[in-house]
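Colleague: Based on the provided sequences and hints, a complete structural model is requested.
Numbering (my numbering), first residue to last: 36 to 314.
Simulated from the structure, these hints should not be mistaken for laboratory data.
The structure displayed is predicted, hence computed values, not measured ones.
Treat the hints with care, since some could be wrong.
Claimed, not checked - Simulated DEER-style distance windows between Cβ atoms:
(1) 143 with 249: 43 to 51 Å
(2) 154 with 210: 32 to 40 Å
(3) 209 with 148: 36 to 44 Å
(4) 45 with 254: 22 to 30 Å
What the hints assert, rightly or not - Below, computed lysine-lysine pairings styled on DSS-like, alpha-carbon distance capped at 25 Å:
(5) 123 with 253
(6) 290 with 84
(7) 278 with 103
Built from N, CA and C at the ideal position, the CB exists for glycine as well.
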Amino acid sequence: MQKPSEEPLLNGKLEFERACKVTDILVKQKKIPKESGDAFLKAIELCDKITWTYHLVSGSGSCYFQTKDSLIKENFEVIENTEPIFFKKMSLTDFDSYKFEYPISCRLESERSSWDHCEIVEGDICNLTHTALLFEYGGWHDERRTHDVGMPHEFQGSSGDRYEWRAPIIRGQDNVPHTIVTSYHVTDSLEPILRGELLAILRVTWWKTKVVIEEGHKVTPILLISIRPSYFQLIEAFYNGSKFVLRYGHPVPMKLTDSMEHRQEVYNWAFRWILSSPV
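Modeller: As structure tokens, then:
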């Protein structure tokens, strides 16, 4: 597997034209089969589509979107209140075999800022995950370390026109194109689609397409567990040949003022998806 440079994506550099010239030379010199060249060009064409869409979202004046917005309607197919089709949630039997080292952070009497919320929830998830050794389940590995790619993130803009978000956990397997991402969004907005969700999905899809470019996969599914100060959101994403499909699950509410029992239930729900099996 390759270790792709993200420079073309982040700098808006399209690669298809040059790839066509290089591939044509390699095929004529019989250094690669024509079928391999065609598959390579198809993947690069998709990467250019992702790059274009990434900068369309990144350059937008909005951080929050609805399904009726033209940017969404023209580039994405949004399906709401549904379940993933490329990922199967970890069974209760398997999950119950793990024992966490409690407690999670204490219940708060009053809500904190959105930044504090994300920090506390991320700390809980990291602590629970590492103490239970859950990351050893199912053959998943740390994609950022394996492929030397950066953490998708943005800081709050100086003019307040951007909110802070990050996607620190990206996990994959060696023999399938499936990728699971956990992201945190420091915003109190209740709009259904967030800028950070779109950018994280597009960025991971871009380099994962490069990683599996020689393996002939038709779809590169992404499962994003998006965490906001008021709820968790499950989003499955993939490219269907014309648009990027976004399959949104039902929001799972959780606040720091909720009981520790309820918060643990929500964390358990998240873990079972973080450790889901490829389909």
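Colleague: Each hint needs a verdict: does it hold in this structure or not?
Modeller: Verification of the supplied hints:
no. : hint                     : in the structure
1   : 143 with 249: 43 to 51 Å : holds (50 Å)
2   : 154 with 210: 32 to 40 Å : holds (35 Å)
3   : 209 with 148: 36 to 44 Å : holds (40 Å)
4   : 45 with 254: 22 to 30 Å  : holds (24 Å)
5   : 123 with 253             : holds (19 Å)
6   : 290 with 84              : violated (37 Å)
7   : 278 with 103             : holds (15 Å)
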